[in-house]
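Go ahead and model the full structure; you've got the sequences and the hints to work with.
From first to last, the protein sequence lines stand for chains A and B. Each number in the numbering used here comes from the position in the first sequence (counting from 1) with 89 added on. Each number in the numbering used here comes from the position in the second sequence (counting from 1) with 5 added on.
No wet-lab data here; the hints were simulated from the structure. Check the hints yourself; a few may be wrong.
Derived Cβ-Cβ restraints for the label pairs, each shown as a range [to be verified]:
1. B/G152 - A/R110: 55 to 61 Å
2. B/T156 - A/K291: 25 to 31 Å
3. B/G9 - A/V302: 51 to 57 Å
4. A/H294 - B/G232: 42 to 48 Å
5. B/G103 - A/R106: 54 to 60 Å
6. B/P258 - A/A220: 55 to 61 Å
Derived coverage of chain B by chain A (criterion: at least 3 residues anywhere in the stretch with Cβ under 8 Å from a Cβ of chain A; other residues may be distant) [claimed, not checked]:
7. 137 to 151
8. 180 to 186
For every residue, glycine included, the Cβ atom is placed at its ideal position computed from N, Cα and C.
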Amino acid sequence: MIVAQQKPLEEIRQMVRGFRRLLVLGCGTCTTVCFAGGEKEVGLLSTSLRSVLGQEIEIEEAVVQRQCEWEFLDQVGEAVGRAEAVLSLGCGVGVQGIGERYPGVVALPGLNTAFMGLTEAPGIWGERCMACGDCLLHRTGGICPVARCAKSLLNGPCGGVQDGHCEISVDNPCAWVLIYDRLTQQGRVEQLEEIIPARDWKASHSGGPRRIVRPDLRDMVGEEV
Amino acid sequence: MPAGSNLEAVLAAGRFAVTAELGPPKGTNLGVVERKAEILRHCCDAVNLTDNQTAIVRMSSLACAIHLRRMGLDPVMQMTCRDRNRLALQSDVLGAAGAGVRNFLCLSGDHQQFGNHPGAKNVFDLDSIQLIQVLAGMRDTRRFQGGDEFTGDIPMFIGAAANPFADPLPYRVVRLAKKARAGANFIQTQAVFDLEIFGRWMAQVRARGLHEQVAIMAGIVPLKSVGTARYMRDYVSGVVVPDAIVSRMEDAPDPKAEGMAIAVELIDAVREIPGVRGVHIMAVGWEDVVPILAERAGLLPRPLI
Numbered sequence: 090m091i092v093a094q095q096k097p098l099e100e101i102r103q104m105v106r107g108f109r110r111l112l113v114l115g116c117g118t119c120t121t122v123c124f125a126g127g128e129k130e131v132g133l134l135s136t137s138l139r140s141v142l143g144q145e146i147e148i149e150e151a152v153v154q155r156q157c158e159w160e161f162l163d164q165v166g167e168a169v170g171r172a173e174a175v176l177s178l179g180c181g182v183g184v185q186g187i188g189e190r191y192p193g194v195v196a197l198p199g200l201n202t203a204f205m206g207l208t209e210a211p212g213i214w215g216e217r218c219m220a221c222g223d224c225l226l227h228r229t230g231g232i233c234p235v236a237r238c239a240k241s242l243l244n245g246p247c248g249g250v251q252d253g254h255c256e257i258s259v260d261n262p263c264a265w266v267l268i269y270d271r272l273t274q275q276g277r278v279e280q281l282e283e284i285i286p287a288r289d290w291k292a293s294h295s296g297g298p299r300r301i302v303r304p305d306l307r308d309m310v311g312e313e314v
Numbered sequence: 006m007p008a009g010s011n012l013e014a015v016l017a018a019g020r021f022a023v024t025a026e027l028g029p030p031k032g033t034n035l036g037v038v039e040r041k042a043e044i045l046r047h048c049c050d051a052v053n054l055t056d057n058q059t060a061i062v063r064m065s066s067l068a069c070a071i072h073l074r075r076m077g078l079d080p081v082m083q084m085t086c087r088d089r090n091r092l093a094l095q096s097d098v099l100g101a102a103g104a105g106v107r108n109f110l111c112l113s114g115d116h117q118q119f120g121n122h123p124g125a126k127n128v129f130d131l132d133s134i135q136l137i138q139v140l141a142g143m144r145d146t147r148r149f150q151g152g153d154e155f156t157g158d159i160p161m162f163i164g165a166a167a168n169p170f171a172d173p174l175p176y177r178v179v180r181l182a183k184k185a186r187a188g189a190n191f192i193q194t195q196a197v198f199d200l201e202i203f204g205r206w207m208a209q210v211r212a213r214g215l216h217e218q219v220a221i222m223a224g225i226v227p228l229k230s231v232g233t234a235r236y237m238r239d240y241v242s243g244v245v246v247p248d249a250i251v252s253r254m255e256d257a258p259d260p261k262a263e264g265m266a267i268a269v270e271l272i273d274a275v276r277e278i279p280g281v282r283g284v285h286i287m288a289v290g291w292e293d294v295v296p297i298l299a300e301r302a303g304l305l306p307r308p309l310i
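Here it is as structure tokens:
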């Protein structure tokens with residue numbers, strides 16, 4: 090999932106100041122699951138904003154299933170129409186989705202989108218994927234060094250590993266120690282003798298903003314590619 | 006094709022080699038580099054110029070390496086993957102090679118969190134092993150990583166680092182093997198304090214025959230004070246300082262002298278280990294001690310080849 094965290098209330102207060110009608114819009118998928126932008130968080134944040142902004146602002150609340158799909162965003166057209174600004178509790182995709190669907194309204198980010206990851210334990214989320222566009226998990230024991238090594242090293246751990254953790258933080262297990270242990274457990278550690286040569290980063294963000302066009306699906310809806 | 010560096014010649018002659026580290030200044034004064042270089046001139050075979058070590062901005066290793074070359078010393082230009090992508094790294098290599106720099110040391114680079122720009126974006130377009138491959142490719146095929154040819158000779162003696170003391174210990178020799186296969190000619194290790202771990206690693210190195218493919222130089226860090234010893238034991242990731250060494254420093258009436266004595270003992274000890282071809286002395290900010298250590302360890306005079 091996409092993991093996000095609410096911005097500090099003061100930053101949000103500064104952001105929404107001057108707007109008289111605000112829609113606080115939650116997202117029912119990723120940010121609900123990571124307790125950052127679901128129905129409950131929309132309610133709590135709206136209450137906080139009402140208490141700090143008082144009569145200055147009229148706040149409406151809503152949640153859509155996903156802010157990253159037009160069909161769900163279309164369901165809140167009326168509420169968006171009543172607002173001067175929408176404070177999105179979706180990820181950065183959601184904020185931009187609102188802006189693209191409703192260009193006349195000001196779309197504001199209520200969250201900081203953090204990373205793509207999973208819930209390691211209740212209340213703990215960890216990054217797992219950086220969407221580099223050319224997955225090599227089959228070569229690294231199913232553990233991603235691009236996302237989980239602080240230096241994205243592809244050929245083994247640097248010299249800064251101590252007691253299994255990364256030099257930058259004791260809370261960050263060394264990705265390469267995890268990879269080594271996993272492959273050892275699977276009896277495939279000899280895989281780590283291979284050199285992974287310099288990568289072609291074109292498929293990552295280095296190649297510019299990415300876009301996927303599927304002609305087969307375009308054909309199905311009868312539109313030209 | 007030999008690279009033609011002094012370090013390469015000393016190693017090729019079968020002599021026990023000595024390199025030392027020179028930390029470039031946090032400023033514009035090349036005089037500092039010159040002063041340190043003169044201290045090191047006659048007590049080592051080549052001088053490493055660190056590349057924004059511990060992610061603290063300093064005069065570039067490229068500029069310092071060229072300056073040392075002009076002073077008639079043999080520089081080892083350190084290059085990290087943290088700050089520059091493959092375009093910048095290859096461009097620096099062209100400039101350095103054109104100015105007569107022959108030794109290059111390929112490193113990942115300390116994370117920027119430790120330095121004076123913790124908010125910087127790091128690069129890591131390549132990792133250290135890929136950088137070795139890129140340099141070896143330039144040297145052997147006269148082509149950039151991207152495939153284009155370039156003009157001019159580019160003799161290079163390619164180095165890399167190895168840390169026998171960091172987790173996972175059994176993987177460390179594998180990583181060395183990858184560096185050798187990528188094209189490294191010499192290795193400078195992390196500081197050796199724990200001779201037992203180092204000895205075990207060297208045994209694995211010999212078992213794979215890697216000591217015949219790359220010249221292994223053991224890292225030596227002279228301890229200047231009790232504080233340094235404790236700090237390295239407790240806070241420097243990937244460095245193992247046994248308690249016995251820290252205790253020796255604590256109990257010594259003159260810790261500085263004790264640190265020098267320990268360093269000389271370590272040099273003597275690693276020299277006895279089959280497959281160790283030299284020492285790399287990293288006297289960070291204490292370059293004055295290098296000639297003394299070299300003398301006491303019987304490493305002077307340095308061979309003229």
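Against the structure, the hints come out as follows:
1. B/G152 - A/R110: 55 to 61 Å: 58 Å, holds
2. B/T156 - A/K291: 25 to 31 Å: This hint holds: roughly 27 Å between Cβ atoms.
3. B/G9 - A/V302: 51 to 57 Å: With Cβ atoms ~53 Å apart, the hint holds.
4. A/H294 - B/G232: 42 to 48 Å: 44 Å, holds
5. B/G103 - A/R106: 54 to 60 Å: 58 Å, holds
6. B/P258 - A/A220: 55 to 61 Å: 60 Å, holds
7. 137 to 151: holds (count 3)
8. 180 to 186: holds (count 4)
Hint compliance for this structure: every hint is met.
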